[in-house]
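With these hints in hand, go ahead and build the complete structure from the sequences.
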Amino acid sequence: MRPLTEAETRAVFEKLGKYIGENIQLLVDRPDGTYCFRLHRDRVYYLSSAPHGSAAPHGSAPLSQYKVWVKPGSEQSFLYGNHVLKSGLGRITESTAQYQGVVVYSMADVPLGFGVAAKSTQECRKVDPLAIVVFHQADVGEYVRHEDTLT
1 MRPLTEAETR
11 AVFEKLGKYI
21 GENIQLLVDR
31 PDGTYCFRLH
41 RDRVYYLSSA
51 PHGSAAPHGS
61 APLSQYKVWV
71 KPGSEQSFLY
81 GNHVLKSGLG
91 RITESTAQYQ
101 GVVVYSMADV
111 PLGFGVAAKS
121 TQECRKVDPL
131 AIVVFHQADV
141 GEYVRHEDTL
151 T
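The opening residue of the sequence shown carries number 1 in UniProt numbering; numbering runs sequentially from there.
Derived by calculation from the structure, the hints in this document are not laboratory data.
Everything numeric in this text was worked out from a predicted model, so none of it was measured.
Hints are all accurate, no fakes.
Straight-line Cα separation of at most 35 angstroms, DSBU-like style, residue types lysine-lysine; simulated pairs:
no. : residue 1 : residue 2
1   : Lys86     : Lys67
2   : Lys67     : Lys18
3   : Lys86     : Lys126
4   : Lys15     : Lys86
5   : Lys15     : Lys126
6   : Lys18     : Lys86
7   : Lys71     : Lys126
8   : Lys18     : Lys71
9   : Lys18     : Lys126
10  : Lys71     : Lys15
11  : Lys67     : Lys126
12  : Lys15     : Lys67
13  : Lys71     : Lys86
Label pairs and their calculated CB-CB ranges:
no. : residue 1 : residue 2 : range
14  : Gln122    : Ser77     : 23 to 29 angstroms
15  : Ser95     : His40     : 33 to 39 angstroms
16  : Thr34     : Ser77     : 38 to 44 angstroms
17  : Lys71     : Tyr143    : 21 to 27 angstroms
18  : Glu123    : Arg38     : 35 to 41 angstroms
By construction, the Cβ of each residue, glycine as well, lies at the ideal position given by its N, Cα and C atoms.
In structure tokens form, the structure reads like this:
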């Protein structure tokens with residue numbers, strides 16, 4: 001596990017900026033300690049700078065600005081890598097713009113993954129129930145699907 005290079009750090013912050021916006025500052029300046037990003041086998045981990053017996057990644061989902069909640073019937077579809085349809089949309093953060101990065105949650109506020117809004121909040125109210133409203137980017141089920149190819 002090693003610290004990120006300047007280029008890697010820039011790329012991580014640009015990607016996180018799409019999902020959590022200005023709250024990136026809260027990732028770095030935390031009142032409960034110092035945290036940093038580390039790279040291990042093509043994966044970036046967010047962890048405390050204080051030495052621990054084990055390194056565990058910490059979620060950034062509570063800091064996200066734009067969120068989408070999917071209905072229970074659509075959770076499994078999203079976790080299998082499919083896009084979110086209007087019929088599976090439970091709620092969406094007000095003022096979400098088209099092509100804005102969003103964090104996808106279950107209705108029980110469990111983070112399921114990341115996506116990109118295919119429609120703005122206003123457009124979501126008017127579209128057909130079979131229209132795609134969130135493009136799938138990544139989800140928690142991806143590990144299970146690609147377990148054989150991970151090193």
